[in-house]
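Below, each chain spelled out in residue letters.
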Amino acid sequence: MRGALPLVIVALLWELAPRSGLVDPVLLPPLSRTLAAGVALVRSGALLGHLWASLWRVGAGYLLAVVVAVPAGIGLGLSRRLEGYVSPVLALLRPIAPPAWVPLAILWFGIGDAPAVFIVFVGTIQAVLLGVASAARSLDRRLVQAALTLGASRRQALWLVALPSLAPAILGQLRVGLALAWMCVMAAEMVAVRRGLGYLLIEARNLFQTERVLLCMLVIGALGLGLDYLLRMLEGKLLRWQQGLGADELLAPGAGDQDLSR
Amino acid sequence: MSYLRLVQVTKTYHADGRAVEALAGVDLEVRQGEFVALVGPSGCGKTTLLHLVAGLEVPSSGRIELAGEPIRGCSRDRALVFQEPTLFPWLTAADNVAFGLRTGGVPLRERRERALALLQSLGLDGFATSYPHQLSGGMRQRVAIARALAVCPQVLLLDEPFASVDALTREALQEELVRIWQARRPTVLFVTHSREEALALADRVIVLSPRPGRVRAELALPMARPRSPVELAPWLERLRDLLAQP
Chain W
1 MRGALPLVIV ALLWELAPRS GLVDPVLLPP LSRTLAAGVA LVRSGALLGH LWASLWRVGA
61 GYLLAVVVAV PAGIGLGLSR RLEGYVSPVL ALLRPIAPPA WVPLAILWFG IGDAPAVFIV
121 FVGTIQAVLL GVASAARSLD RRLVQAALTL GASRRQALWL VALPSLAPAI LGQLRVGLAL
181 AWMCVMAAEM VAVRRGLGYL LIEARNLFQT ERVLLCMLVI GALGLGLDYL LRMLEGKLLR
241 WQQGLGADEL LAPGAGDQDL SR
Chain B
1 MSYLRLVQVT KTYHADGRAV EALAGVDLEV RQGEFVALVG PSGCGKTTLL HLVAGLEVPS
61 SGRIELAGEP IRGCSRDRAL VFQEPTLFPW LTAADNVAFG LRTGGVPLRE RRERALALLQ
121 SLGLDGFATS YPHQLSGGMR QRVAIARALA VCPQVLLLDE PFASVDALTR EALQEELVRI
181 WQARRPTVLF VTHSREEALA LADRVIVLSP RPGRVRAELA LPMARPRSPV ELAPWLERLR
241 DLLAQP
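Just so you know, the protein sequences line up as chains W and B, in that order.
By the working numbering, the letter at position 37 of the first sequence is numbered 37, and the numbering carries on one by one without gaps.
By the working numbering, the letter at position 210 of the second sequence is numbered 210, and the numbering carries on one by one without gaps.
Quick caveat, the hints were computed from the structure, so don't treat them as lab data.
Remember, it's a predicted structure, so these values are computed and weren't measured experimentally.
Errors might be hidden in some of the hints.
A short, non-exhaustive set of chain B residues, derived as facing chain W with CB atoms under 7 Å [unchecked claim]:
hint, residue
1, Cys-74
2, Thr-103
3, Tyr-131
Below, a sample of chain B positions facing chain W; criterion: calculated Cβ distance under 10 Å [claimed, not checked]:
hint, residue
4, His-51
5, Asp-77
6, Glu-84
7, Phe-88
8, Leu-91
9, Thr-92
10, Phe-99
11, Gly-100
12, Gly-104
13, His-133
14, Ala-150
15, Val-151
Just so you know, even glycine gets a beta-carbon here, dropped at the ideal spot from N, CA and C.
All chains, full assembly: derive it from the sequences and hints.
Okay, here's the thing in structure tokens:
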């Protein structure tokens, strides 16, 4: 548990600095007061409601983006011609940061879930599309050739070779995208909605409740970490071959525990 | 009677607005079950020739026929072993070997049995569940050969398959290849840059000219295998002379 030590130090500083008068407790309330504010928020049920609102928006926007971006990215990376048509448009859209879409999203969708989901969608799709496309561009074509000479149809070459060989890169992009989606939903909730962690955060600032501001930030950080952890577990399950462990399609696990030092 | 037939096959690549001629009118006839080695200076289009026969590329002109039929695209009839093993890294050795059976719709049970039998015959029993990165270079190339053999190809195309393994492994693999060929009698096109290897293995050695490649000469070797270095010495000299010509 070496990783716990820095956290303990930060927690101690956070507690002691305001208490000792080193920093103004109004600007930085001690950790204990921040956590107490959190307990109150959980008791009243408010935190959970806001949390679900944010999670729901991230889930919807992110899944929509992934469903579009992964196939489109693969197509873009594998087809020079398609890329030639699309990449100038993408190049222009790319520097527009997701928060810059917020005003347009409000004009189009009003106030509520829809603009937030839209912002998450836009932010995620940018990252995942370009990442998957660049991975697909560097697909090892010899593997595809090998499959073709073994009688694979084009469809089989795509499903049995291109997809598994791109899987590590795609999963990596999905993690990047999820982190971005989580950031986007906060940006959107600060202006476009009346619920969600981002809204709670901005409302707390307006009421000068610094401990609530800090608490929201803690929750945002912890949830982002949790979401990433979920994807990492999925990654570990799907990419077991990279560690060379575990079962495969043909043989039961443990059927051939072999001596590799031979 | 010829089984595999190349008639005036040319291949020209276009890159950066320039045309590069890789093959210039190759004529070649191979009997069924014959073991033919292709040698020539590097860049003479040997690999291109194999890719054309495999169906991965299309000739710029000329035609390629197998058993009287023009070849169209890739097929299980013509399996290719690449210079590098080119295994699927996410599949175990057994799944790699079974890949061509899977695309061909062979049921799981049969796939497993055939893959395991092939791995065993190539001295890889016990490594069925290993992933490619857990195997040595020589073992990987064995798996690649087993993968090509699994689909029972009529024509086995090998592109310098033993170039990246050490000398001892190479000798063992050569012996195994001859044994497999004698047992199954596929038609073999074997590209190599090693004169010794070509002479030790093939019924016939085809010498290609420098780029653009065309058939310059051929040597028919009537001797039984295994062939001793002493036996091969005069042939080696002739082959060296043929390759040294400008």
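(request) Sort out which numbered hints this structure fails and list those numbers smallest first. (result) none
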